[in-house]
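Novice: Here's the letter readout for the chains.
2 protein chains.
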Amino acid sequence: MLRIPSGKPVDLASYDARATPAGPSGKAEGLEATTRAGERLAGLQERLWAAATAGDRRRILLILQGMDTSGKGGTVKHVIGHFNPSGCRIKAFKEPTAEERGHPFLWRVTRALPQPGEIGIFDRSQYEDVLVARVRGLVPRRQLGGRYGQINRFEQTLAEDGVTVVKCFLHISYEEQRARLLGRLDNPDKHWKFSTGDIEDRLLWPDYQKAYEIALERCSTDAAPWYVVPADRKWYRNWAISRLLLEHLEALDPQYPKADFDVEESRERLLEIR
Amino acid sequence: MLRIPSGKPVDLASYDARATPAGPSGKAEGLEATTRAGERLAGLQERLWAAATAGDRRRILLILQGMDTSGKGGTVKHVIGHFNPSGCRIKAFKEPTAEERGHPFLWRVTRALPQPGEIGIFDRSQYEDVLVARVRGLVPRRQLGGRYGQINRFEQTLAEDGVTVVKCFLHISYEEQRARLLGRLDNPDKHWKFSTGDIEDRLLWPDYQKAYEIALERCSTDAAPWYVVPADRKWYRNWAISRLLLEHLEALDPQYPKADFDVEESRERLLEIR
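The listed protein sequences correspond, in order, to chains A and B. Per my numbering, the first sequence starts with residue 1, numbered consecutively. Per my numbering, the second sequence starts with residue 1001, numbered consecutively.
In isolation and in its complexed conformation, chain A is listed as follows (with noise of 0.2 angstroms):
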């Protein structure tokens, strides 16, 4: 996974969606490390959670875009899956409603976020109004305009109440969904996740492209950066993807606090009441 640099123009044709920098050599072994990953990510979650109880406020917001079939959904199965469920606050967002619609569009990404110690996870978030809205045009362009700012405001925010926000680009190639529609049609087990508003969206593919690549540039921040996630092999985008995750929790190194009460006192009453 790449770090997109703050302010600098973004070509989306120059990441490869099969490369699988930095990582393990297969899936095999991908799969090994995403395992044991897991297991250090839910002992990190675990004190995080912990810290909370004693005033900590701090939490991960992991942000996931990407086009249909990028995997979002698969990453929050497989690598929020490691994690103690309790502790995550999952929210898909879909179309808005009409009382959404009714707020500014950063009012239902506020209502969603993650409480101190939780790991939030958002598949899609407030870049759709910046994605889809561009794309379709569903806002004039000078109210449009003035998203990216709001969003990056809005994520400075967010990190100053101690929140580390992660986000990511699924990446993922033209033909690599091709193939994935492909196979959802092929299974009928599948035909749920189908819908035909997905070929008219991957019609739409360089302007998506582009809208990515607008969105990239202008809101990838120190406060809140994009990563741009290879999404073509799937063990990869979990293994990069757990390593990010594993990254910024051993950043903010959360510790278990300190007993706010008499432990010898409290053993001794618990050993006399019989």
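Treat the hints as calculated values from the structure; they're not laboratory data. Please note: incorrect hints may appear among the correct ones.
[Said to hold, decoys possible] No farther apart than 25 angstroms at their CA atoms in a straight line, the calculated lysine to aspartate or glutamate pairs in the DMTMM-like style are these: (1) K1077/B <-> D56/A; (2) K94/A <-> E200/A; (3) K1190/B <-> D253/A; (4) K1234/B <-> E1250/B; (5) K1234/B <-> E46/A; (6) K27/A <-> E1039/B; (7) K1193/B <-> E200/A; (8) K8/A <-> E217/A; (9) K1091/B <-> E39/A; (10) K1077/B <-> D1186/B; (11) K1091/B <-> D1198/B; (12) K77/A <-> E1046/B.
All of these numbers come straight from a predicted model, not from anything done at the bench.
Let chain A serve as the given structure and place chain B on it in line with the hints.
Specialist: Relative to chain A, chain B alone:
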């Protein structure tokens, strides 16, 4: 696990918290059986979720109640951890907030219900309002008395809306609780899980057991029965709850929905556009 019959007096002392009825013969076998059950649970969960995309409103609500250290959190980690976290809606109920106290007691519960296709998990629930509320005398006795019927009507309505309510009382012995509390005190990494309030509640053990007996007797209904899960052995508790969820999900028998689009036409279009 034993289903509590409707309206019959309940004597918790007659249930052995170390028992392993109908279960695997030992820990190793139990862990293996739970893992195997977990795979089937995950498969059924996907079907339930898929069915909901086509309008099936059915869902599961697992309610976990029990004394401190009875393993509510452990159940979420080890049993619910087998599910895809995207399809789980987990809520741990704490002491009511000022806002929650301003509403009827079922208000906060209603807001945390699973959506169609989801597995909802309550770590504590509306039952706190007839348990701690009774033991600590938080509401007048007359008001308390009305709550059992209110809970039953609430759960009846849930059942009619497609919610399979599975209520588990995690039954641990007084001795096992002491051992677990002492275990938390002995390990500095677990001090955060301990509170001196746990000792205060332990002093009220007989009152809590009585409050549970009344709740189980009055609120084990055909629409939403109570199960007593012997919980002194963690592996058995996890196996028993997995087993219960499996039975209920298998009874629902959710099906992948049929395609609501022309599969062949979609395939042709995908192959056409290069």
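Novice: Does K27/A pair with E1039/B here, judged by a C-alpha cut-off of 25 angstroms?
Specialist: Distance of about 22 angstroms is within 25 angstroms: holds.
Novice: K1077/B and D56/A: Cα distance at most 25 angstroms?
Specialist: holds, 22 angstroms
Novice: Would you mind confirming whether the straight-line C-alpha gap from K77/A to E1046/B stays at or under 25 angstroms?
Specialist: OK: K77/A and E1046/B at ~11 angstroms, within 25 angstroms.
Novice: For K1091/B and E39/A, compute the direct alpha-carbon distance and say whether it is at most 25 angstroms.
Specialist: Holds. K1091/B to E39/A sits at ~24 angstroms (cutoff 25 angstroms).
Novice: Check whether the Cα positions of K1077/B and D1186/B lie no farther apart than 25 angstroms.
Specialist: The given pair, whose Cα atoms are some 22 angstroms apart, holds under the 25 angstroms limit.
Novice: For the pair supplied as a hint, K94/A and E200/A, confirm whether the alpha-carbon distance does not exceed 25 angstroms.
Specialist: Status holds; Cα separation ~17 angstroms.
Novice: K8/A and E217/A: Cα distance at most 25 angstroms?
Specialist: It holds: about 6 angstroms lies between the C-alpha atoms, which stays within 25 angstroms.
Novice: Does the alpha-carbon distance linking K1234/B and E46/A stay inside the 25 angstroms limit?
Specialist: At roughly 19 angstroms apart (the allowed maximum being 25 angstroms), E46/A and K1234/B satisfy the hint.
Novice: K1193/B and E200/A were given as a pair; does the straight-line alpha-carbon distance stay at or below 25 angstroms?
Specialist: violated, 51 angstroms
Novice: Quickly compare the C-alpha distance for K1234/B and E1250/B to 25 angstroms and report which way the hint goes.
Specialist: holds, 24 angstroms
Novice: Does K1091/B pair with D1198/B here, judged by a C-alpha cut-off of 25 angstroms?
Specialist: holds, 21 angstroms
Novice: Given the hinted pair K1190/B and D253/A, is their Cα-Cα distance within 25 angstroms?
Specialist: holds, 17 angstroms
In summary, the structure is inconsistent with hint 7 from the numbered list given earlier, while agreeing with all the others.
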